[in-house]
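Mind docking chain B on chain A? Use the hints.
Number of protein chains: 2
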Amino acid sequence: IAAIVSGDVTVHEFNAPKLQIFFPAKTGRKLQSFTWFSQAENIHCQHGLYFQDGQRRVDYVLTYPVKNRGIHSRGEHPRHHQAQRPKDSSSLPSSPVADVELGCLGETFNGQEDHKAFRREEFEGKLRDTGLELEKDEDTKIPGVGFVKIHAPWTILCREAEFMKLKMPTKRVYEVKQSTGVMEKISSLVSKVLEPLHPHVEEHQPKNIKHLSHTFSREKQHLFDLSDKDYFFDSKTRSSIVSSTGSCLHCGDINEESAESNDRKLLYEEWANYSVFYKYQPIGLVRKYFGEKIGLYFAWLGLYTQMLIPASLVGVIVFLYGCATVDDNIPSMEICHPRNNITMCPLCDRVCSYWKLSTACGTARASHLFDNPATVFFSIFMALWAAMFMEHWKRRQMRLNYEWDLTGFEDEEDHPRAEYEFRVMQKSLSKDQKSQHKVITCRSVLNYQDRLPAYMTNIVMMLLMIGVTFAIVFGVILYRISTKAALHMSSNPTTRNHVQLTVKTTAAIINLVVILILDEVYGAVARWLTVLEVPKTDKSFEERLIFKTFILKFFNAFTPIIYIAFFRGRLVGRPGSYLYVFESYRMEECAHGGCLMELCIQLSITMLGKQLIQNNLFEIGIPKLKKLIRYIRSKQGAFQEEERQKKLQRYEADHFLEPFAGLTPEYMEMIIQFGFVTLFVASFPLAPLFALLNNIIEIRLDAKKFVTELRRPVAARAKDIGIWYNILRGVAKVAVIINAFVISFTSDFIPRMVYQYMYSPDGSMHGFVNHTLSYFNVSHFQEGKETMDPLQLGYPVEICRYKDYREPPWSTTPYEISKEFWAVLAVRLAFVIVFQNVVMLMSDVVDWLIPDIPKDISLQIHKEKILLVDLFMKEEQGKVHILESRTSAVGKENCSSGNNNNSTMAHQRSGLHTNSTNSF
Amino acid sequence: IAAIVSGDVTVHEFNAPKLQIFFPAKTGRKLQSFTWFSQAENIHCQHGLYFQDGQRRVDYVLTYPVKNRGIHSRGEHPRHHQAQRPKDSSSLPSSPVADVELGCLGETFNGQEDHKAFRREEFEGKLRDTGLELEKDEDTKIPGVGFVKIHAPWTILCREAEFMKLKMPTKRVYEVKQSTGVMEKISSLVSKVLEPLHPHVEEHQPKNIKHLSHTFSREKQHLFDLSDKDYFFDSKTRSSIVSSTGSCLHCGDINEESAESNDRKLLYEEWANYSVFYKYQPIGLVRKYFGEKIGLYFAWLGLYTQMLIPASLVGVIVFLYGCATVDDNIPSMEICHPRNNITMCPLCDRVCSYWKLSTACGTARASHLFDNPATVFFSIFMALWAAMFMEHWKRRQMRLNYEWDLTGFEDEEDHPRAEYEFRVMQKSLSKDQKSQHKVITCRSVLNYQDRLPAYMTNIVMMLLMIGVTFAIVFGVILYRISTKAALHMSSNPTTRNHVQLTVKTTAAIINLVVILILDEVYGAVARWLTVLEVPKTDKSFEERLIFKTFILKFFNAFTPIIYIAFFRGRLVGRPGSYLYVFESYRMEECAHGGCLMELCIQLSITMLGKQLIQNNLFEIGIPKLKKLIRYIRSKQGAFQEEERQKKLQRYEADHFLEPFAGLTPEYMEMIIQFGFVTLFVASFPLAPLFALLNNIIEIRLDAKKFVTELRRPVAARAKDIGIWYNILRGVAKVAVIINAFVISFTSDFIPRMVYQYMYSPDGSMHGFVNHTLSYFNVSHFQEGKETMDPLQLGYPVEICRYKDYREPPWSTTPYEISKEFWAVLAVRLAFVIVFQNVVMLMSDVVDWLIPDIPKDISLQIHKEKILLVDLFMKEEQGKVHILESRTSAVGKENCSSGNNNNSTMAHQRSGLHTNSTNSF
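Chains A and B supply the protein sequences, listed in that same order.
Here the first sequence is numbered in UniProt numbering, starting from 1 and rising by one per residue.
Here the second sequence is numbered in UniProt numbering, starting from 1 and rising by one per residue.
Estimated spans, in silico, between C-beta atoms of each pair: (1) B:310 <-> A:859: 46 to 52 Å; (2) A:844 <-> B:463: 18 to 24 Å; (3) B:448 <-> A:844: 19 to 25 Å; (4) B:863 <-> A:844: 36 to 42 Å.
Just so you know, the hints here were simulated from the structure itself, not pulled from any lab data.
We treat Cβ as the ideally placed atom computed from N, Cα and C, and that holds for glycine.
The following block holds chain A by itself, in its conformation from the complex (with noise of 0.2 Å):
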């Protein structure tokens, strides 16, 4: 304005925000192309989304219990050191001090209803005198809860926003250049074919054209477009200002009738929604909505999901050369043939008896479909699978970075946690109490000694807890060998044939149940320990909270299974001197064909079993219990729901939904399944195939989830999945090493490979059967266990068979174990060595073949620094040039310091605005 009345208009080129208002012309068209960003919000939010003069918005809500009406006593008391953030970091500890007893304690104050409201109002206070704007409303249609509506002025926004070094896009466009010739073409009929799969979020902005972003600061302002102050930071950026966790408002109605939409509703269209299963996700929109942290949760559901495809394409074609070749697989040929009259050692003592090989053929040709050469391939190309899947995620992570303007933001320091304040006051008053000393000692931090009672109870319990999971497995086991033993001495003939069937079927069941139960008992077991130990930081006690249940929850899912796959049929002993357990009952024997057969079982069972109860009954089942138990509470409440509807405030709505409880539990779920993916992959090649179709279902189950059912948590910045990526690590090395184990142990191939290249006579299979199954005389059986009915086959038996490599009763060491035993335990070993470190080289290889920045977004960052340099250059050289033109004394210091301009210029008194030296 001064500048107007001094007649200069050139300086106005660097002053953009004040120039909007006096030549609309030229602000318009700059306008077009920036209004999408918030249009969407602009219309649609309207029930209690802003204060009573219309005119403030509400960017956070505080709720608490009224004292009068005592119906609803969840006493969610606001969560206020977050909210107080800019005092928090600079000042006393005090006021968190505070926060603790109110918050944390306020349980114990139950009789204190005064002291309470004395608090919160002291409380309110504080955050006035911090810039925000409150409005109460303690006169909600909602029996008992007071709400306490917060509204961020410009300057509160503004401040913050160059706090938190938000990056927001400049007025500065450019335009990003697709790639040219053959590549182009190709891209570009790429997307055709794909565009069905995109969801129909409609971006206001053309493609190739991309906003330059810059960190918020105040003196910069004329870069960015604050034409329309109040959109300029979206609800989210707004809320997540005000504070960092707590609920903030859904933005209108999903079943809104009206013909325009809001962003919840499109959401709830486009993306929470079965019919689209076969749509990518709308992420922008997601992280528009939900902030980055949510947004990188399905950001990451939605790759996994889709590196699910080929891996289970290839899982099922895998499954399927086993089903094509298992007619010419030797082995089972030889078993299932007529002539083939080898017999048996019998499976059990006394009740059982001989038995023929020949009645395995079943079994033996199921075995093929599991165990054979293509599973080896398989397995490694899962391994390298899950190494591709780490760096294609790295390299999305980076380009949601680009593309959400994170780079360059470092993780904030998290504040202490309330419960850490606590402690520490705690201690530093003991401290006082014993030395006398009235004045407060400095700040105090817990040491080892503080915490080492709980960190003895956290590995005690731990230890303990896996503990329980070995020995119900045990019980597991004791309850097939005993089961199994008390049916076949069962009279009934029916009983004693479904034997097999039986004891399995119930031990898989009692196993899942037994899955499903730990489950919750150890999640819970995990936050009690977590609490103890007392964490310093949320993200602290996030990260310990995370480990703990992941340790507790993969050693739940994962021992009956690492059971199946190296110890069961190891531990059996030898005819006339088996192992027993409790001195009766033997230990189980596979059934011939290697373990492999039931290690598949187990899993297929394992991993449908959870996936479907836990997703179907868990996530599905029991929120519609919840919602209709609510339904019938506030019938009894004594209004109508659809009367409730129409007239709730926002606030009020959003208050009767599920509060928001942190992404933990559903991470969890998908690593589990990883785990299921990749680690036992080599025994069971469609677990890909079951983990996709599950996903499909998952991603939409939990966008319904999160746009219907849950309260709008506050956006949380974040730039990657945290510790997340680190277990997803841990399981793919993990996985190696199993699946080596795997193939080389639990399946034949190993013995078949040997007896294939060193004993085979014609370098066939023919005669591997023969080669692995060692001799017994059954005049060795220990007394008492032989069978009771060794006529059943029809003829006497003096010499059976049984699975293993010893050597033959008429050897000079009988039953001895023999050199072949160790032949093919060494090449067992050495391809334990050899699979495991090639595959982890090919890994390293994928790693550091593939950039973890993918090359066209550091191309862009690249362009986008020379451009930001540039505009900088330009104006500097403006300044220079107006500087020049008007004062004829410039010093040789003139351009940089602009202190020295003003001095001066001032001393000139030239009415010239100096502002616009200094802005820059």
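This is chain B only, laid out in the frame that chain A set:
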């Protein structure tokens, strides 16, 4: 000043740089704590360190050949495009291309001196355009060389510092709180004990006071102490601002006899000096003088050397343990026992005869020194040591980053190399010609098609070079075999007695010489291959070069050792069916007691020889030689050395020093040494000790080189050691698996264990030697291969023994591999798996347990953040306060939007200097 006119003083609180001129008393106080920063440089940099006016400092020097005198024809063209940074990054590609013609193709324009001069003028003009000040000095005492001295005025420095986001110390000082209680006492005690180990580099600042640092920005100038603008940026920063590579001036002479010191002299006395070898390095000063990149190298080297102390201690203890237990070692006792009369089969065909095992007594005893259970412990220890080293380095790096104000600094994007631009230009030119377009096509890049030939050449050449290494190793083997055979046949008994010694020594020397020669060859080849590749940026060039050089040198150094460790003595066949090379030479066997002894000898010769020769000869000798040559030359050049020393300008004296050639050779040498220390440590526990001794010299040697022999390199900023860290990680990973194999396959550890726990009748080692020897019936020797002197031992031999696990002649399968072989093999492989996975897991745990950021640093960073926020908040409140007290019509949005304030205030025309509001 305006403020003074209006009588307002408080505003100036935020306007300190101005203040100092008017209130010298106040400024003086502030200066006190700050002058240490530049004092040392202030006084003693005289000769030619300033322009002719004695005011402006020389920040950078360009040299060029002067036409009229042709003695010096090195042709050091100014490296233009870097000096032109701000322009280059934003302007068209045309100017770098021009540079190429001048700089890279300059040699071809020999007749066009005028053209060159014109181009130079043009370039200098461009430099002037960017704001730099130039002074020419063509009339120097050095014939044929012209100098252009460059001075960067304050404005340019500020602008560039802002672009580079340099963090500079602000005026705000805070106290670093020392830990209290017991810890403090301990740490003060430790620091007192270590006092004499610290170099005498005076720090003018108390240790517990630290300046708060903030990214330099001209708008926030008032935060920084700019009282002495000449020394706000120190010389290394100034020159790195002007350019990014090239040469800048050393600060003063090291031989000056004046009492006061300059940085260079201080470094020379307290760092580049063998007499202070026991002291820590003054890393801060090194960084101040040479910049972060070189500082990091020496910090890394220092940490590595420090970490070698415990490693060599443990290594010596392990070695001493071997010495102490050599008399209790049952296998060697059995071999040396006088009653032992085992007859061994001949070691070579025909000329050798049977021999008594007891003659191998010495070797067996010596083997025990390196082949005892302690070595297993030691290699686990060293694997963990390597992990600890990596972790400690991460922490040290973090600490240095913090102390050097590099936190938050992002690596700048490199600009394309001139060669790359040239190739791109060539490509687009040829494209244009082909398509007959006269329009300049848009800037293209090199795609895979362009690079394919170079990549193919790379791969082929790399494989070829590795092939050459293998061939040479094979050649040495052949030399050994054939010489041994020839010497055995010699009639001279003395020759025959010294066969082993002669052959081993000559072979090892040949190996060493070959390694040393190939090292140089491979260095050149790698550079050539990288130039062929035309990498885009300098960083990429360096990384590719390092990677290739590393691969080649690694193979070169370790192939012979790997051969000895894993192949020698394993491919000999058995008596009666030996393996022959070229149908006449039997493959080598190891002496009795495993090949570990030979591996150890080879390792020590290679390592010591490499270190001694490469260090002493190449690093000390050759520079001395070069200096001598230069000295002789300068005498021929007809002016006296001494005179020159005294009268020469600083830049003339520096011209005679070697240019800085990068840190790659220094790092490479250390990494190969790290390989020797970790890779085969199981066989040579003294390796860390040798490395330690070498490095103590190496540090001072390198320091001397940097201070006295090389031109001062332009300071380069770096946050980390880049690709070297990844290479270190890779070596540490490979070390784990190689050590596992050395222990299980090269040493006799596993066979001993297997014998003790599986075969020994009494659980002791008695009988182990007998167990490892197989029987051979001498009548089964092939025709013509039996010994010529069967009665050399004095009795006829029917059965001789050889070291292998094979069936005896009287078994049903004579000379077949026995069951023991497979059992031992299986245990060996199992050991490898267990060792590798356990050590990897332990390394991961170490990695996980040790936080990457030292606790005190993370606390301090946190504190600084709080202080900064505090500082800004206070300023803000101050501003608001002033404004509120001055202007009554301040709207709701006053405190953030400077423009608004100005408009309101401009209306009032109160004469208030509004600058203060804006400058924050």
